[in-house]
Each structure stands twice: as C-alpha cells, then as structure tokens.
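Enquirer: Residue strings, one per chain:
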Amino acid sequence: MANERQEILEGLLEVLRTVRTIDPAKLEGVTEETDFLTDMDTPSTELINIAAKVEQKFDIEFEDEDIDRMGSKVKDVIDLIIMVRERSANK
Amino acid sequence: MSVAGRRVAVVGMGGAFPTCAGLDEFDKKLFTGQSLIREWPKALQYPKQIRSTVAGYITEPEMNLEAIHPVPETEWPETYVDHLGRIPDLNLATADLGCVWAMIGALESIEMAGWTKEETESEQTGVVVASGGGGNVVSRHAWHAFYELGKKTRMAGSHTVDRAMSYREAANVSCLIRNRGVCESIISACATGLGNIGYAYRLIKFGLQDRAICGGVEGTALETFIGFDAMQVLSKGFAPEQSSRPFDIKRNGFVCSFGAGIVALEEYEMAKARGANILGVVDGYFNNSDGDGNMFYPSYDGQRRLWKGLMADAEIKPEVVKVHGTATPVGDILELISVVDTLGEDGYHISAPKAQFGHMLGAAGSVEFIATLLMLKNQKVLPCINSDELNTEPENFQKKEGWQGSDKPAAAYRHLISQEIVEKEINQIVCLNYGFGGTNSAMAVSRDDR
Chain A
14 MANERQEILE GLLEVLRTVR TIDPAKLEGV TEETDFLTDM DTPSTELINI AAKVEQKFDI
74 EFEDEDIDRM GSKVKDVIDL IIMVRERSAN K
Chain B
17 MSVAGRRVAV VGMGGAFPTC AGLDEFDKKL FTGQSLIREW PKALQYPKQI RSTVAGYITE
77 PEMNLEAIHP VPETEWPETY VDHLGRIPDL NLATADLGCV WAMIGALESI EMAGWTKEET
137 ESEQTGVVVA SGGGGNVVSR HAWHAFYELG KKTRMAGSHT VDRAMSYREA ANVSCLIRNR
197 GVCESIISAC ATGLGNIGYA YRLIKFGLQD RAICGGVEGT ALETFIGFDA MQVLSKGFAP
257 EQSSRPFDIK RNGFVCSFGA GIVALEEYEM AKARGANILG VVDGYFNNSD GDGNMFYPSY
317 DGQRRLWKGL MADAEIKPEV VKVHGTATPV GDILELISVV DTLGEDGYHI SAPKAQFGHM
377 LGAAGSVEFI ATLLMLKNQK VLPCINSDEL NTEPENFQKK EGWQGSDKPA AAYRHLISQE
437 IVEKEINQIV CLNYGFGGTN SAMAVSRDDR
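Here the protein sequences come in this chain order: A and B.
The opening position of the first sequence corresponds to residue 14 in our numbering, with each subsequent residue numbered one higher.
The opening position of the second sequence corresponds to residue 17 in our numbering, with each subsequent residue numbered one higher.
Simulated from the structure, these hints should not be mistaken for laboratory data.
Just so you know, nobody snuck in bad clues.
Taking lysine-lysine and the PhoX-like style, the derived pairs with C-alpha atoms no more than 25 Å apart in a straight line are:
1. Lys393/B to Lys44/B
2. Lys168/B to Lys88/A
3. Lys167/B to Lys104/A
4. Lys168/B to Lys104/A
5. Lys167/B to Lys70/A
6. Lys58/B to Lys252/B
7. Lys396/B to Lys333/B
8. Lys58/B to Lys45/B
9. Lys70/A to Lys168/B
10. Lys45/B to Lys252/B
11. Lys168/B to Lys86/A
12. Lys44/B to Lys396/B
13. Lys39/A to Lys88/A
14. Lys396/B to Lys440/B
15. Lys44/B to Lys440/B
16. Lys88/A to Lys70/A
17. Lys45/B to Lys396/B
18. Lys393/B to Lys288/B
Covered stretches of chain A, going by a simulated chain B footprint (3 or more residues, C-beta under 8 Å):
19. 30-41
20. 45-59
Ideal Cβ placement from N, Cα and C applies to all residues, glycine included.
Please build the complete structure, drawing on both the sequences and the hints.
Expert: Okay, structure coming up:
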C-alpha cells in the first residue's frame, strides 16, 4: 500500500514537472500534505490540466464528480487515483 | 469627440516579422528591397490539398520560443517556453502564438517609449490589440479531442477559452503589463491592424486615455491559411520572392503572411514634455463602410468617401500613400484609381509593402503602419517590388457603364509606382487598409518636425 502511494507520488511529480506554471523549486520536498494552491502557488485553473495529465499518465479516467470533489492536497489526488483504480478493477 | 489642441504621438513600436530577428532586421531588409516570403514547409506537407505553398510565416524557434507538446505525436502546443525570458511562464500559459508575439511587441514598444512602471500601470494607459482570425490552432485540437476522439472536455485543457477567445491578445497584453485603463479589441478582418491603432488614437484624442498599446496580430497558423487557400485568392505559380506582386499585370492573388505590429501611442504634449523620441504624429483617422452589400468586392465609392472623411478634419497632402495593395486582380487598380482621383496624378508615390512581406491579415494594417514609420524615419519610399509590368489597357470595371473614376490604365501611373527605393523628403504618409465586409480605414501620420 505504502509502495503504491510512493509510486503514485513519483508519477505525480513527473506530471507536475511538465506543468510550466508551477515553479520547479516548489517541487523540492513535496509530501502528501503539500497543498497545490497554498504551498505550490498553482493557479486554480491549472488543477484541471493536472487532472487531465494524471489521467493520461496513469491510464485512468476520472468521473466528472471525482474531480468536483477532489481536494487541493497531494494526498487527495493520490487517494483519488487509488479509488479510481479500485473502481475499475471491480467493474 | 476630439478635444481641441489634443494630439497623438507614436513613441514606440515592436512585434514579430517573418525572417527577421527583430525590428532592426525588418528595417534593414525592407530598405534593401528584400522579400520576406518563403516556401512554407508546413503547407508542402499537404501537396494534394493545398493550392498555394508560399507564405510570410514565422516559426517558434525564429522568435526564440519553443512549443511544448504534451503528446509528442500531436501538433498541439500546450504552452510555450520563452528562451529569452521575456514573458513569464504564467503569462505564456494563457497565450496562443499570436498572443506571445503581441506581448513581446508590447514590451518592446514600452521600452522604446521609455514609459515608467507607474505610467504603464496607470488608469490612463489602455490596451487595444486584436487579430483577424480566431485562436484556430488551439480550437482545432480542442474540437478534435472532443468530437473525433470522444474525450472529456478537460482533455482540451483549461486554457482553451483564454487562448482562443476573440480578444485574447488584448487580454494577454493587459495581464502582462498590468495597465488599469481600457482593454479591448477592434476586429475588422484585414483592417484590424489599423483599426486598433485608430481606435486607440481616438481614445487619446477624445481625452479618455493618455497612453495606449495598440496594434494587430496574426499568429502563424495553417488553420487560418487554408480558409483563404480554399477561396483561391492566394498567389500561385511564382518563385517565393516574386509571389507578392501588387499592381503587376500577372498578379493572381495575395501571399498569406503572419506577424505582429504593436505601437505605443501617447498624448503629444505629455510625450514632448518628458523628452520622448517621437516616431510620428497622427494627423487623423477615419473609417467607414462600403454600404453596397458586397462582402468581398472593393468599392470605389466607399474609398472616395474614406478619403473625404480623412480630409475633413486634417490637412492631408502626403508625399507617400501606403496602400492596402494586396495583389488581387481587382483590388489594386480600383484602389490606385481612387487614390489618383483624390490626390491627382502627380506629387506623391504609392507604396505597397505587401510586395515585400505579403498580407498579414489582422496584422497587415499595424505592421504596414510600422513600415510607414520606418519610411518617415529613413526618408525613403519602400519599393513596389515585382510590379514588373503594368496593364496598358483599362480594367474591365473601368469599362462598365456608370463607372465614375478615371478610365486610364494602370500603366499611365507608372511614375507613382516605383520598383526601386525612392529617396526624397517625406513629411506625411497616408495609410489605407480594407477588410471583408466592406470596411475601410485610413490614417495620416507625419514627422514631428514637419
């Protein structure tokens, strides 16, 4: 479980490095508690782009409601990815 | 309405010009009679689908930009990297290619103008910039992802609106320079470039603003090009540098080009008081419509009324008339006749800069305005290259019953249309641009020490 969360975090960091509006310096020392909006100064309009990139990176598809409910912390995105993976596996 | 005694100076300029690293190279190439037209590799990729393959295009690397493609196999530019660090990443994220050029041109204009941060960010500083077309590159990929690939809307990215909306250039420039005055776009097809400068001129002349960043843009886009190619109005069958041939008897269409022309305008006395370098003083601006219900065909009556309107409020006696001169079969000679019938048959030269850099659509009027300011600076008339042979017979429209204008052929006016650069005293130049929908615009600009 911890391994899966770590693997997702690393993949997420790879995605975030491609987002030009996030200062690369802010990606040093990112933890699950890091907040995209308050800690990384990510423009709120960029969260939807991050979600779309995450879908491509992890080969998953969020429901619109998933994104509506998504929080702004790194752990919220990781939780969502795991939930969507499990949901797909159970189908 | 005009405020008595209030005049408008041009104090800065900049932008994006095909095959040129910047304004200085643009100046040098124009006044050595060079063509900026090339064979366009992107058009050549579609040999069975495209008629014309020449253009005045600008690639990203030529502007020291790099397009970021999130999915390597697509052409979709998710955003740009500015390798010269002129534009912050946050501003690049909301910009299509034309917006990036507009922002670069705005920064160059402000630097040349010498405005302070306070002046730039003032409530008295406006932004009036637009392009002729939509954000076609960004829209195409958004629509393809949705309609063809069946993707969620978010796959188009969250910047489809700000990167493709009609007034994206003004919005991006304003967010970059943080002015607190007007931020708007004037969109009028190929009169867009001059129309934005004209509107900004009026804002200052009417006392609503003291300064303005204004002009027109057309970002390189095959998506834009193909619409004109479909109309079969683009030049075909010549070597690239010979493709744009206003007034020449063999002309068969315009060369589709791209670029950006941005200028800084300022209330004259304020500019003078702070010791600004005055590039030109706007004597007047007028615009109107043909009123004949024809989307495309130029109107002699509309152009004569345009001149009348321009002359109503200003002393107009130009040494050069910078014409729209696209190299389409009817437009050039009809425009020539409307100029001759207004100004007479002698005493000025006609310049058609599209001969050298093609038709930049929404940027045409503003880039040609910059070429006009360079003519004032250099005291030289740009050459009508490729106008090798003028028709010795009147055009068909001159033979129609009811034709009101001169019935002389183009060749009778060879002395006005020089293929070589002409050095002479130039105090005033009139700029003319027209657009689909029968819209016409005219601006007169003079030397400060006139």
